[in-house]
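Engineer: These are the residues of each chain, in order.
Number of protein chains: 4
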Amino acid sequence: MKDRPPTPPGQERWDRRMEIPLTVTSLVYLGSYAMRVLGRDLPTGWRDFCLALTMASWAVFAVDYAVRLRLSGLGPLRFVRRHFLDTVVLILPLLRPLRVVTAYDRAQRRQQEPRLTLYARVMAYAGLSATLLGFAGALTVYDFEYGAPGASIATFGDAVWWACATLATVGYGDVVPVTPGGRMVAVGMMACGLALLGAVTGSFSSWLIQVFRREGDED
Amino acid sequence: MKDRPPTPPGQERWDRRMEIPLTVTSLVYLGSYAMRVLGRDLPTGWRDFCLALTMASWAVFAVDYAVRLRLSGLGPLRFVRRHFLDTVVLILPLLRPLRVVTAYDRAQRRQQEPRLTLYARVMAYAGLSATLLGFAGALTVYDFEYGAPGASIATFGDAVWWACATLATVGYGDVVPVTPGGRMVAVGMMACGLALLGAVTGSFSSWLIQVFRREGDED
Amino acid sequence: MKDRPPTPPGQERWDRRMEIPLTVTSLVYLGSYAMRVLGRDLPTGWRDFCLALTMASWAVFAVDYAVRLRLSGLGPLRFVRRHFLDTVVLILPLLRPLRVVTAYDRAQRRQQEPRLTLYARVMAYAGLSATLLGFAGALTVYDFEYGAPGASIATFGDAVWWACATLATVGYGDVVPVTPGGRMVAVGMMACGLALLGAVTGSFSSWLIQVFRREGDED
Amino acid sequence: MKDRPPTPPGQERWDRRMEIPLTVTSLVYLGSYAMRVLGRDLPTGWRDFCLALTMASWAVFAVDYAVRLRLSGLGPLRFVRRHFLDTVVLILPLLRPLRVVTAYDRAQRRQQEPRLTLYARVMAYAGLSATLLGFAGALTVYDFEYGAPGASIATFGDAVWWACATLATVGYGDVVPVTPGGRMVAVGMMACGLALLGAVTGSFSSWLIQVFRREGDED
Numbered sequence: 001m002k003d004r005p006p007t008p009p010g011q012e013r014w015d016r017r018m019e020i021p022l023t024v025t026s027l028v029y030l031g032s033y034a035m036r037v038l039g040r041d042l043p044t045g046w047r048d049f050c051l052a053l054t055m056a057s058w059a060v061f062a063v064d065y066a067v068r069l070r071l072s073g074l075g076p077l078r079f080v081r082r083h084f085l086d087t088v089v090l091i092l093p094l095l096r097p098l099r100v101v102t103a104y105d106r107a108q109r110r111q112q113e114p115r116l117t118l119y120a121r122v123m124a125y126a127g128l129s130a131t132l133l134g135f136a137g138a139l140t141v142y143d144f145e146y147g148a149p150g151a152s153i154a155t156f157g158d159a160v161w162w163a164c165a166t167l168a169t170v171g172y173g174d175v176v177p178v179t180p181g182g183r184m185v186a187v188g189m190m191a192c193g194l195a196l197l198g199a200v201t202g203s204f205s206s207w208l209i210q211v212f213r214r215e216g217d218e219d
Numbered sequence: 001m002k003d004r005p006p007t008p009p010g011q012e013r014w015d016r017r018m019e020i021p022l023t024v025t026s027l028v029y030l031g032s033y034a035m036r037v038l039g040r041d042l043p044t045g046w047r048d049f050c051l052a053l054t055m056a057s058w059a060v061f062a063v064d065y066a067v068r069l070r071l072s073g074l075g076p077l078r079f080v081r082r083h084f085l086d087t088v089v090l091i092l093p094l095l096r097p098l099r100v101v102t103a104y105d106r107a108q109r110r111q112q113e114p115r116l117t118l119y120a121r122v123m124a125y126a127g128l129s130a131t132l133l134g135f136a137g138a139l140t141v142y143d144f145e146y147g148a149p150g151a152s153i154a155t156f157g158d159a160v161w162w163a164c165a166t167l168a169t170v171g172y173g174d175v176v177p178v179t180p181g182g183r184m185v186a187v188g189m190m191a192c193g194l195a196l197l198g199a200v201t202g203s204f205s206s207w208l209i210q211v212f213r214r215e216g217d218e219d
Numbered sequence: 001m002k003d004r005p006p007t008p009p010g011q012e013r014w015d016r017r018m019e020i021p022l023t024v025t026s027l028v029y030l031g032s033y034a035m036r037v038l039g040r041d042l043p044t045g046w047r048d049f050c051l052a053l054t055m056a057s058w059a060v061f062a063v064d065y066a067v068r069l070r071l072s073g074l075g076p077l078r079f080v081r082r083h084f085l086d087t088v089v090l091i092l093p094l095l096r097p098l099r100v101v102t103a104y105d106r107a108q109r110r111q112q113e114p115r116l117t118l119y120a121r122v123m124a125y126a127g128l129s130a131t132l133l134g135f136a137g138a139l140t141v142y143d144f145e146y147g148a149p150g151a152s153i154a155t156f157g158d159a160v161w162w163a164c165a166t167l168a169t170v171g172y173g174d175v176v177p178v179t180p181g182g183r184m185v186a187v188g189m190m191a192c193g194l195a196l197l198g199a200v201t202g203s204f205s206s207w208l209i210q211v212f213r214r215e216g217d218e219d
Numbered sequence: 001m002k003d004r005p006p007t008p009p010g011q012e013r014w015d016r017r018m019e020i021p022l023t024v025t026s027l028v029y030l031g032s033y034a035m036r037v038l039g040r041d042l043p044t045g046w047r048d049f050c051l052a053l054t055m056a057s058w059a060v061f062a063v064d065y066a067v068r069l070r071l072s073g074l075g076p077l078r079f080v081r082r083h084f085l086d087t088v089v090l091i092l093p094l095l096r097p098l099r100v101v102t103a104y105d106r107a108q109r110r111q112q113e114p115r116l117t118l119y120a121r122v123m124a125y126a127g128l129s130a131t132l133l134g135f136a137g138a139l140t141v142y143d144f145e146y147g148a149p150g151a152s153i154a155t156f157g158d159a160v161w162w163a164c165a166t167l168a169t170v171g172y173g174d175v176v177p178v179t180p181g182g183r184m185v186a187v188g189m190m191a192c193g194l195a196l197l198g199a200v201t202g203s204f205s206s207w208l209i210q211v212f213r214r215e216g217d218e219d
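Protein chains in written order, with this note's numbering: chain A, 1 to 219; chain B, 1 to 219; chain C, 1 to 219; chain D, 1 to 219.
Treat the hints with care, since some could be wrong.
Short derived list, chain C residues pointing at chain D, Cβ under 10 Å [to be verified]: (1) Cys-50; (2) Leu-128; (3) Gly-202.
Quick list of the computed label-pair ranges, beta carbon to beta carbon [as the list claims (entries may be wrong)]: (4) D/Gly-157 x A/Ala-66: 51 to 59 Å; (5) A/Ala-56 x D/Ser-152: 20 to 28 Å; (6) D/Ile-91 x C/Pro-149: 27 to 35 Å; (7) D/Asp-15 x B/Arg-213: 28 to 36 Å; (8) D/Leu-51 x A/Ala-148: 46 to 54 Å; (9) C/Gln-210 x B/Val-88: 37 to 45 Å; (10) D/Ile-91 x A/Arg-214: 46 to 54 Å; (11) B/Ala-62 x C/Pro-149: 54 to 62 Å; (12) C/Leu-74 x D/Asp-15: 53 to 61 Å; (13) A/Ala-52 x D/Gly-157: 53 to 61 Å.
These are computed hints drawn from the structure, not numbers from a lab. As the structure is a prediction and not an experimental result, all values here were calculated from the model. Glycine is no exception: its CB is placed at the ideal position from the N, C-alpha and C atoms.
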């Protein structure tokens, strides 16, 4: 959000080269975490393997972060300040899959496809991000709530239903997290998700007004 | 939302000719579905007749879709991509009645009536769509929830009350869907409805500011 | 919202002359209705007097409506169409007090007071309207719910709490209307109130951005 | 929000000189209040000391208000009208810490730091204000609800969870204030908090659209 000095060329090359591997690693991270959380009936060997995969992908993120810190030529503190979002994502890697959205957008641009209009792109980007965030949030909350005394979120279906009702700010309250961990994830999800969905709603509104204005001019 | 090549003339002729029949069919679809869902005390013969009507109108939609696919001169995949919304509506035909809104708007325009201002039109369009969506959603959720064990939506009145509280994002949670089907419909309703109502609120806000600005200039 | 032909001079004179009496009558209407609903322990004579006052003020509204219909020189149907809002207010006179807001605004303008900025005026107008709407809504819902079996709104305080939670779209659901009448009022309140509060929020947001932009220019 | 005459130089000097002391006093006020509310197990001596600190800092605010009233050279009524927000804050001093936000912004400006963009500043300001408001609200509500019969807010964690769900307008309703005092604080929190968060969401949306527009131009 600031006027930043240009990225050093070494870092740019690294970013470009790591784009596809990191996208794949994000998916592996989310997938292995999901499998471990949801597959409570799988044999222990499988679940341990999933845990190992999750750990390994996280290690890839950590190495990537370290390399970029090195290449940037900045001190750790200034790097953290400038790459604040990256640091957050390193600690909460479930937000990683948002990288898929960026990667998809970049791929589209390369294909010279007729691109979506401005508002459609904002809607697609923010909507997709909110969906991923909701899925990751439901997963983590389910992990926290599973087996907690007095929990109202009993199945993963309940967790998804809860996540949808929360992101839409409807908040029925028929199923809610009761553990401190689950509630903290919920608050984070509200903070990020509501801004994203506000962007979707706002863009849709602007787009609709634009469509009607154009149509009015044609008459 | 993309810059699209012009519609072929054959398709345009077809679109124009089918406008009124399809609008009528939409209403028949919604009406017969509503009657079957709500008229649980009607004799079986009546309810079967309603089901037949629902099926028949859906068949009309399917034929219309097929003809337009043919006339467009595109492959099925590209057609689906370009006419994504039509495809969704083919699968979820309860959204069809939105066609009524478009038809009404077009009729108004032909009558050379003094037309509503931009914001009023957006509000009317989005508000009417949200109302139809809420009604169709309440109907479907009631159909899913009816007789489900532990359901809190007992009457159609409850379902309408639930739909209003959901679309307004108030979400009291005194009545909520409990079946997976009902919840899936609810999520779809949130996704569409909130964007529509966001457009209503946004337009109202813009309109109010416009009114106050104009009044301020007059002084 | 349409480009309307100018109001006939007779009607304009009537409007000007009736402004203060109608504002007073609005307050009498709301006050007497509130007293009858809240003063369940008052002697019957008092409550009957309140009812009479409510009826009388409604009669004033009806007469005013009839006179304006006459002066407008339009047929009833066209009059109803053009003065749609007035017609709604005739049927639901609890919305009348909104007239107070308009009257206050006009009085301010006459006083040559340094006026509020655009956004501040929108916020004041919409916020005051929402407050009046919430109060009238809480009153009506309390009237419907009072003594209903299984009602969770037991006191007028509960009704006000419910109205606030509803208008803010928070919707806790700890107290909710259960009678069909109460629920219909609630839906109307959501529809009007949310648009009004959306205008408040939107104006506040625009105002804040304006303030920050101006301050940024000063540096 | 009005075009105001310039502040007298005496007042301006006072404002500048009191800036840091008042910011510190705000933090002392919030801290001592929080300690008294949360530290129910502390020895009585400590809690009395906290109360004294709270009182003392409030006295500082009152003195500051009186001095500024004097320096402004206005009558008390006009002063209250012009400095409406300050008067509110004098009565509800938990809103004081918002001063921290302003002080931080001013400090940043002095440091000649590369400043945040317009939208980022609005987001930071409104977001930080909402956070402080939520914390102060949770504290006060907890104070009111503590030990009330039938209270669902049992711990301070519950109060924070309730505040987050309220500010996000999610409103689960699993924990809600039941005392009149707690509910009045809740309504105030909704009124202020929703406007602030609406500003955050709106700015985020505008910022996202700006980013996508700029990126689109680059292609």
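Engineer: Note whether the CB distance of A/Ala-56 and D/Ser-152 lies within 20 to 28 Å or breaks it.
Structural biologist: violated, 44 Å
Engineer: Measuring from the C-beta of C/Gly-202 to each C-beta in chain D, is the shortest one below 10 Å?
Structural biologist: Holds, because the Cβ-Cβ distance from C/Gly-202 to chain D comes to roughly 7 Å (cut-off 10 Å).
Engineer: So, C/Cys-50 near chain D? Judge it on the closest CB pair being under 10 Å.
Structural biologist: violated, 26 Å
Engineer: If I claimed the Cβ atoms of D/Gly-157 and A/Ala-66 lie 51 to 59 Å apart, would that claim hold in this structure?
Structural biologist: Roughly 36 Å apart at Cβ, these two residues miss the hinted range, so it is violated.
Engineer: When you take the CB atoms of D/Asp-15 and B/Arg-213, is the distance between them in 28 to 36 Å?
Structural biologist: Distance hint for D/Asp-15, B/Arg-213 holds at roughly 33 Å.
Engineer: Starting from the hint 53 to 61 Å, judge whether the C-beta atoms of C/Leu-74 and D/Asp-15 obey it.
Structural biologist: This hint holds: roughly 59 Å between Cβ atoms.
Engineer: Verify the CB-CB distance for D/Ile-91 and C/Pro-149 against the hinted window 27 to 35 Å.
Structural biologist: violated, 42 Å
Engineer: Can the suggested window of 53 to 61 Å be confirmed for the beta-carbon pair A/Ala-52 and D/Gly-157?
Structural biologist: violated, 34 Å
Engineer: Does the hinted range 46 to 54 Å hold for D/Leu-51 and A/Ala-148 at CB?
Structural biologist: violated, 38 Å
Engineer: Taking the beta carbons of D/Ile-91 and A/Arg-214, is their distance inside 46 to 54 Å?
Structural biologist: About 51 Å separates the Cβ atoms of D/Ile-91 and A/Arg-214, which means 46 to 54 Å holds.
Engineer: Determine whether the Cβ-Cβ distance between C/Gln-210 and B/Val-88 falls within the hinted range of 37 to 45 Å.
Structural biologist: Holds - the Cβ-Cβ distance for C/Gln-210 and B/Val-88, about 40 Å, lies within 37 to 45 Å.
Engineer: For the hint 54 to 62 Å, verify it against the beta carbon of B/Ala-62 and that of C/Pro-149.
Structural biologist: Given a distance of about 49 Å, which is not inside 54 to 62 Å, the answer is violated.
In the structure shown, a violation is registered for the earlier hints numbered 1, 2, 4, 5, 6, 8, 11 and 13, in ascending order.
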